[in-house]
Amino acid sequence: MTWSEMWPELNTAGLDTLYMVWWSTVYAVLAGLPLGVLLVLTDRGGQLQNIVVNKTVGAVVNIGRSLPFIILIVALIPFSRFVVGTSIGPTAAVVALAIGATPFFARLVETAIREVDGGLVEAVQSMGGGTWTIVFKVLLPQALPSLIAGLTTTIITLISYSAMAGAVGGGGLGNLAIVNGYQRSDDRLMLVTVVLLVVVVTIVQFIGDVVVRIIGRRTGTVPAGSSWLRRRGPRKPIAELAPRPAAEVAPGDGPTASARAGTG
Amino acid sequence: MITTTGLTKVYRSRGREVTALDGVDLHVREGEVFGVVGQSGAGKSTLIRCVNLLERPSSGTVTVAGTDLTALAGNGQRANAALRRARSRIGMVFQHFNLLSSRTVQGNVELPLEILGVSGKERSRKAIELLGLVGLADKAKSYPAQLSGGQKQRVGIARALAGDPKVLLSDEATSALDPETTRSILQLLRDLNQQLGLTVLLITHEMDVVKTVCDSAALMKDGRVVETGTVSEVLATPGSELARELFPVGGEASGADRTVVDVTFLGETASQPVISQLSRTYNIDISILGAAMDTVGGRQVGRMRIELPGPFEENVVPIGFLREQGLNVEIAPTGTVPTAAGAAALAPAAALVKEGAK
Ligand SMILES: Nc1ncnc2c1ncn2[C@@H]1O[C@H](COP(=O)(O)OP(=O)(O)OP(=O)(O)O)[C@@H](O)[C@H]1O
Ligand SMILES: [Mg+2]
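Respectively, the protein sequence lines represent chains A and B.
Numbering-wise (UniProt numbering), the first sequence opens with residue 1 and increments by one.
Numbering-wise (UniProt numbering), the second sequence opens with residue 1 and increments by one.
Hint data in this document are derived by calculation from the structure and do not stem from the laboratory.
Some clues are possibly wrong.
[Unchecked claim] For each label pair, taking beta carbons as the anchor points, the in silico distance ranges come out as:
no. : chain 1 : residue 1 : chain 2 : residue 2 : range
1   : B       : A81       : A       : E115      : 47 to 53 Å
2   : B       : D178      : A       : R218      : 44 to 50 Å
3   : B       : D164      : A       : R218      : 27 to 33 Å
4   : A       : I214      : B       : P179      : 36 to 42 Å
5   : B       : G6        : A       : V83       : 55 to 61 Å
The structure displayed is predicted, hence computed values, not measured ones.
A virtual CB, placed ideally from N, CA and C, is assigned to each residue, including glycine.
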C-alpha cells in the first residue's frame, strides 16, 4: 500500500477509534463512578452500610472484570442490537467497550476513594454534613488526582480493547493493524498504525500525568498509580518539600504566632 | 453545658466485647475549659466522640446546651437532620487536623458554612473574619500542605468555630505539635474561651495542658471517670490521684523511722513560709524530698514532699499544725514504716519459695 492509499484508511480508522474510545469512556465514567462510590459507601462501616447491596455489586463487578473482553464483546451482540439497533460497527462496539470498561473503572474509583483519610469524613460528620456532602465535598475532591490517574488508565485500556472491536466490525486503528497490516502482511501499514497507537497512548498518559501533577503539586498529594510520576516524581517532591517546613515552621509558629494569638 | 449520664459504650467485634465506656457521668459547666486525662485506652476518645454522637453510645444520655442528643438521634445508624443540625453547633478539632488538602485554607473554613447553607458572600466574609481571629488572615489562599502543624491546627480551630458553636470538643489537639506551638494553641483556646464564652471539652495526655488552661478536670480509668472537679478542688482532695499526676513529687524516704508527708499549697497558703515556721515551732529538721510549683487559673499552686524525723506517731502534732495552716496534708503512700514492715513480713515467704525451687 502506498502512502496515498494508506492515508484515507488511517483517517477513517483513527476517527473510528476516537469515536469508540470517547463514547465508551463517557459511559464507563457515568456508570463506573457511581458504582465505585456505592461500593465504598455500602461496605461495612460505610455511610450507607448495606452488605447485601455491597456483595451483589461487588460480585457483578468481579464477573465483568474477569470475562475476557473478546468473549464479552461476542456475548453482547444481542444486547447491542437491542440497545443501539445494530450489532455491528463502531456504535455497537461502544456498547461492549463501555460495559467492559465500567467494572474496571468502578474498581479504580473504589480504590481511589478508599485512600481518602477517614478522619476527613469524620470531620465533616462532626460539622453536621450528610452522605451527600461527604461524597461531593470530601470523597470525590480528595480522590480527584487518583480518579484522574484511574481515568487515564481506563482510556488507555479502552484504546487497546478497541482493537478487538473488529470482531463486531467496529473498525479503528487496532483493527486496521490486525486485518490490513498483519493478516495481509503489509508491514509498512502495520508499523505506521502501531506507531500511531503508541503515540496516542503516550499523549493520553502524558496529559493525564500532567493534570494529576498540577493538582498534586497544589494540594501536596501525589497519588499512586501514575507511571510517569512514579518514575520521575519522587526526586522532585522531596526536593521541593524538604526545605519548606524548616523555613516556615520556625517563623510561622514561634513567638510571632503566639503574639498574634494573644492580640487576636 | 455538657452532661452525660450513665454513658456506656460497648464495642463488639468478632465476638469479642470491649467496654470502652462504663457508666460515665460527666458535667461540664457553661464557659469552662474541662480537661479529661487518662491512660491510653481509658476511653477518652470514645467519650468525646459520644458527645457529638460520632459514636453511638450503647446506653446513657448526652445533653449538650439543653438538647438531649441521644433522644434526637433516633435509632438508625445514620445521622438524621435533627442530629446533623445539633452537630453543626458543636465544634470539633482533631489531633491530625483533618483539613481537606483539596481546598484552600479559606475553603476549609467555609465548608461548615456550606453545610449550613450560608450564601457565598457571607461565607467568605465569615471565613476571613475567623481566620483573622486565629491569626491566619494572610494564609486564606494557601493550601493546608503549605502550612506548619500549628498553623494547620489554627485553621482547624477556625473551621470548628464557623457554625458559631457554644461548645468546642478537642481530642488531643496539641499532641502532634511541639511544646512551643502547643503553648500558643492552648493560649488561643483560652482566649476563645474567654472572649466568646466558649465551653471547651478537651482530651489530653499532657498534664501540662490541664495545668495551663483547664478550669476543671476528670481522670478516666478503664472507661470510668474516677475523679472529677475543678482543678483547685482536685488539688485540695486528700489522696487525689489526679493531683499527684498534675504535680508529681518524687523522692524516697532517706531511711527507716521517718515520716514522709505530701503537702499541697493553694492560693494564699502558697506564699506563706509555713515550712520554716514548722521547723522553728517544733524545732525539727525538715528535708524537702521533692516539690512542684505552678500557677493554675491565676493561683499559685504547689505540692511538696517533705520528710520529718521519727515515725508517724511522733509527728502527729506537727502534721496537725500544717493542717491548721489550711494546707492539704497527706501521709505519703510510699511511707517507709509500712513498706519496711511489709518487706520484713515478705522475707520469710520469699525464702520459702526459693527453698521450694531447689
Ligand atoms: N472502633 C472500635 N472498635 C473496637 N474497639 C474500640 C474501638 N474504638 C476504641 N476501642 C477500644 O475502646 C477502648 C477505649 O479507646 P479510646 O480510643 O477511647 O481510648 P483513649 O483513652 O482515647 O486512648 P488514647 O489515649 O490512646 O487515645 C480501647 O480499649 C480501644 O481498644
Ligand atoms: Mg484517643
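For each hint, the structure was consulted:
no.	hint	in the structure
1	A81/B with E115/A: 47 to 53 Å	violated, 30 Å
2	D178/B with R218/A: 44 to 50 Å	violated, 27 Å
3	D164/B with R218/A: 27 to 33 Å	holds, 31 Å
4	I214/A with P179/B: 36 to 42 Å	holds, 38 Å
5	G6/B with V83/A: 55 to 61 Å	holds, 60 Å
The structure fails to meet hints 1 and 2 from the earlier list, while all remaining hints are met.
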